[in-house]
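Colleague: My request is simple: use the sequences and hints to build the entire structure.
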Amino acid sequence: EVQLLESGGGLVQPGGSLRLSCAASGFTFSSYAMSWVRQAPGKGLEWVSVISSSSGITTYYADSVRGRFTISRDNSNNTLFLQMNSLRVDDTAIYYCARGGVSRAGFDPWGQGILVSVSS
Amino acid sequence: DIQMTQSPSSLSASVGDRVTITCRASQDIRNNLGWYQQKPGKAPKRLIYTASSLQSGVPSRFSGSGSGTEFTLTISSLQPEDFATYYCLQHINYPLTFGGGTKVEIK
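Line order of the protein sequences matches chains U and R. Under my numbering, the residue at position 1 of the first sequence is numbered 1, and the numbers go up by one with no gaps. Convert by adding 120 to the 1-based position in the second sequence; the result is the number in my numbering.
None of these hints come from the bench; they were simulated from the model. Keep in mind that a hint or two might mislead.
Straight-line alpha carbon distances no greater than 30 Å define the calculated DSSO-like cross-link-like pairs of lysine-lysine that follow [stated by the list, open to error]:
| id | chain 1 | residue 1 | chain 2 | residue 2 |
| --- | --- | --- | --- | --- |
| 1 | R | K223 | R | K162 |
| 2 | U | K43 | R | K165 |
| 3 | U | K43 | R | K162 |
| 4 | R | K223 | R | K165 |
| 5 | R | K227 | R | K159 |
| 6 | R | K223 | U | K43 |
| 7 | U | K43 | R | K227 |
| 8 | R | K159 | U | K43 |
| 9 | R | K159 | R | K223 |
| 10 | R | K227 | R | K165 |
| 11 | R | K162 | R | K227 |
Modeller: Structure, rendered in structure tokens:
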């Protein structure tokens, strides 16, 4: 069974940093692009970032996070990461790890999500 | 960036009703459109990709159609478990963009 499990969320002050992880299992992790998608409380879905398959040389970011967030992957441990720096109150959201991107016609499956709260 | 506009933003329907949700893209995305279902407190789930391809395991009462800039998700006979929020997603290029969502509620 394909599974994605996020960790690393929590409460952080504005300007702080947090690193999210997503542990993947049940598929050949290195063969897939991987993405992060977030959802602010009571709001819709917002794509955040994607990293290409294999070496992960290619990355893309939403304008709202470019320069502050960094996506990376460790194929030997089947893990996806999102390093979030200079966090702002409007980064508060549930962050989902999802398999896929443009090359996979969207996202399937999704992790259960992890809450990141940015507040003083 | 490609803007995705969904309508309606919410609707009330009864079990057994036929439900149609529309998504419009701000430019031609050919057939690069997906539909997702999200229930409260849960992660989204893909229903449809490339406009009309049914995700494995999704009931056949769900169907998608359209190309270019206008797309439709149809639920042929609404079931109790279908009450949820639905999102479209363009997957032709980055940044990937979602529609604003359609909440399907019980009448």
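Colleague: Given the hint that R:K223 pairs with U:K43, test it: the Cα-Cα distance must not exceed 30 Å.
Modeller: The hint holds at about 12 Å.
Colleague: Below or equal to 30 Å on CA atoms is what counts here, so check U:K43 against R:K227.
Modeller: holds (23 Å)
Colleague: Assess, step by step, whether the Cα of R:K227 is no farther than 30 Å from the Cα of R:K165, and give holds or violated.
Modeller: It holds: about 24 Å lies between the C-alpha atoms, which stays within 30 Å.
Colleague: Run the distance test for U:K43 versus R:K165: straight-line Cα separation, threshold 30 Å.
Modeller: At roughly 17 Å apart (the allowed maximum being 30 Å), R:K165 and U:K43 satisfy the hint.
Colleague: For R:K162 and R:K227, compute the direct alpha-carbon distance and say whether it is at most 30 Å.
Modeller: holds (22 Å)
Colleague: Between U:K43 and R:K162, is the straight-line Cα distance small enough, at 30 Å or below?
Modeller: holds (14 Å)
Colleague: Given the hinted pair R:K227 and R:K159, is their Cα-Cα distance within 30 Å?
Modeller: Satisfied, since the Cα-Cα distance of roughly 17 Å is no more than 30 Å.
Colleague: Check the hint pairing R:K223 with R:K165 against an upper bound of 30 Å on the C-alpha distance.
Modeller: Roughly 15 Å between the alpha carbons, so the hint for R:K223 and R:K165 holds.
Colleague: Tell me if the straight-line CA distance from R:K159 to U:K43 falls inside 30 Å.
Modeller: holds (13 Å)
Colleague: Are R:K223 and R:K162 close enough, with their CA atoms no more than 30 Å apart?
Modeller: holds (14 Å)
Colleague: Against the 30 Å threshold, does the CA-CA distance of R:K159 and R:K223 hold or violate the hint?
Modeller: holds (10 Å)
Hint check: no violations occur; every hint is consistent with the structure.
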